[in-house]
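Two chains, each in its own frame: build the complex with the hints.
Listed in order, the protein sequences are those of chains A and B. Going by numbering that gives the first Met the number 0, the first sequence opens with residue 0, and the numbers climb by one from there. Going by numbering that gives the first Met the number 0, the second sequence opens with residue 0, and the numbers climb by one from there.
No lab work stands behind these hints, which were simulated from the structure alone.
Covered stretches of chain A, as calculated for chain B (at least 3 residues, CB under 8 Å): (1) 69-76; (2) 103-116; (3) 121-130.
Under 10 Å between C-beta atoms, here's a sample of chain B residues computed to sit facing chain A: (4) Leu20; (5) Val22; (6) Leu43; (7) Ala48; (8) Pro125; (9) Arg165.
Virtual Cβ for every residue (Gly too), placed ideally from N, Cα, C.
Residue-level listing of the chains:
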Amino acid sequence: MRYVTGSLLMALLAIVQSTVLTRLAFLEGTPSLILLACVSWALVGRAGEAMILGFIGGLFLDLLSGGPFGVSSIALVASVYLASLTEGRFWEAHILAPLGVMAAASAVYYVITTAAIWIAGHPLSPDRAFAQVFLPSTFLNVLLALPSVQLAGRLQEAAFPPAVRMG
Amino acid sequence: MTRLSSRALLALTLTLVAGGLLVLNLGGYLSAAQGLVLRPIGGLQEWLAQRVSAVQTLLTSPADLTTLRAENQRLEAEVAALQREVIALREQANEAEVLAGLLGYARTRPESRYVAARVIGQDVSPFIRSIWLGQGSDEGIQQGMPVVTERGLVGRISEVYATVSRVQLITDPTSVVNVRLQTSRADGSLEAQVNGELWVDLIDQSASVTPGELVLTSGLGGSFPADIPVGQVVTVRKRDYELFQQAVIQSSADFETLEIVLVITNFQPLSPGQGVP
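So here's chain B without its partners, still in its complex pose (with noise of 0.2 Å):
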């Protein structure tokens, strides 16, 4: 048999066990390894996570880096050591900062119950828009439970493992979330554009919206909690013919420097899967 012909006959080989894992998956006889491969993946990702985020927040800040450049030529020989613990300190405050967000966000909510957690990673594929916890079933975490940050609703969980768990994100195309437009009154269906865009869509032609009203959940369809802030209307597109109206909207929450969220655990969900691919 010729090289080419023996790697052709490996590549097939490894295709079709590909493919086997692809239909095993499909019938949900994966979780459990997916779930014990996951647990050493999801601390590693937690630890780099926690690491990169401190590298980041130290690079915005260039006040605070040249004071660190300062230090540095005046004491060379302790500025390893002191970059560690201004890194340690800048990461801790920041995430004081978070915590704080999030405490006064659930104070305000005593009827919820909050599991808070580190955001470790997001989907490798930029066409799916979701994020990893760095907590799973072992905290309480399940499918189907809001997420939420002090600003605003981020998704809910779609798949969970005994240490991480995916959230898919309120942009991600395939998510629809029942919301409630604050001053109109009027319910509508939030879904993601492929372009990243939020519309709220099935507005009431008769409803009078106008731009800069903040839209909440409804709490309609038992998939999310009412009122909890969605976004705000950017610009409202209303046309004679159509039967219903769309809106424009800009998220509450900002999906770019998400680092703790908050997962509610005692809302159940009436249908967990509803929504999640």
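In isolation and in its complexed conformation, chain A is listed as follows (with noise of 0.2 Å):
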């Protein structure tokens, strides 16, 4: 059930980034909703979760996309891979540590999906790339990573709330 409600919330997700999200572009950076979404869910301890999500939410991205279908799932995979390598370190709860995770999720992210798109022959400028569409949108998620840990945090809590042993 828990699969099924995260895959209609990652196409929720893809449709407001194609649909909203687009409009609503800094330079020509946005921030990616689905990598923050399973990033978050992965840094508050469901990163197994988080990457079989990841892996969904890129199918439907790729949907709505003319780059090579599969590659943003793999980027995702790949960056909640990363993301849950925070678990058990000793700055895990720093209150800083969802921006860094965010913002190296990201670079992994922004760099599996434009060399695939690379490759695939489509044309792109590295300065322009790196300049237009990496630092705005890795800021963007940076600067949402907070909230989206939050909210993310809030939403473990509702949905699988600590056993309590009585007695």
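So, in structure tokens, the structure goes:
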């Protein structure tokens, strides 16, 4: 059931990404809602689910893109896996840790998707891609990282309350 | 098995599955499944695009917004209903205006048959310049068909599903359009640069190209009908040691504000897939 709900949420986020966020670009960058959602879900301790949802969300994103189908899934799985490596580290609980993780996950995501588009034969200017897309998109993802992780935390508490032993 | 290694195994499995899907898609085996999934997604996208467009129209009309606010204070009880009504009417008026423009264009070219389609989304990758239309093969749209507005050429259909289709814009760097400069009658090839500029290349050195000159489709190659406005020459780059001269052009169509477009359905491109990735 959790994956059905998660898949519907991923589809919804992909639609919002295509319909709404493309109109609100900062330079040519936009926050990646599915990346934010999956990395945040991984950061609240549900990395396995986040990876599967990233895989599904990536398929929805690729459906709405002219890029190679499946590449966003690979990029999201890699980003979420990277985010999951922070689990158990001493700095994991630091309030600013999500910012660094989101920046690293964004870098992995954009490098993989851009490289795939380039390999598929789409002309790209690396300077322009970096300045107009990577930096603004990563900045926006980092900006939204804290509220996104907090929201994921609340959602996780509501959906999966910790078990309490009585007596 | 530790938690980390099981997670790595999951990541590897998902990556392999995604790689498998990538290969299957390259072989064209996923088209039917994609069409099936895109059917409800397209409907939802269209619904959302209409609402977003209505809100955008409302927010970009400050004078009317003030009127609405005054009304808001005066008639608090009715404000919610009034706002909904105003948004709907404004959207209808906006849509009617766009459709009137498109109808005017269609009347000037009675030889062509059109399907009007709403723009429901843009490509989620900033490197690929394409838009999604809320009409597909159910409405007779086929791959390669030209897409225009009353102002000029927009692009061509690059992917078609039952209820939605994707348009590769002429601003996409992989798009190529054969064009003719109206006054000098010189032929050229329109190519978008990665920085978004539109260049007409392969213009004969002897042609006298001037800024302000209109650029039209030439019809050569059979990918587009002839004489569709594409843009206007902004600057000309001519060097004696080069074989051809180039012109930077300003497109006629405004790609930032596309809401409804016309698909020319009775034009059969010679090679529907040419120039379409």
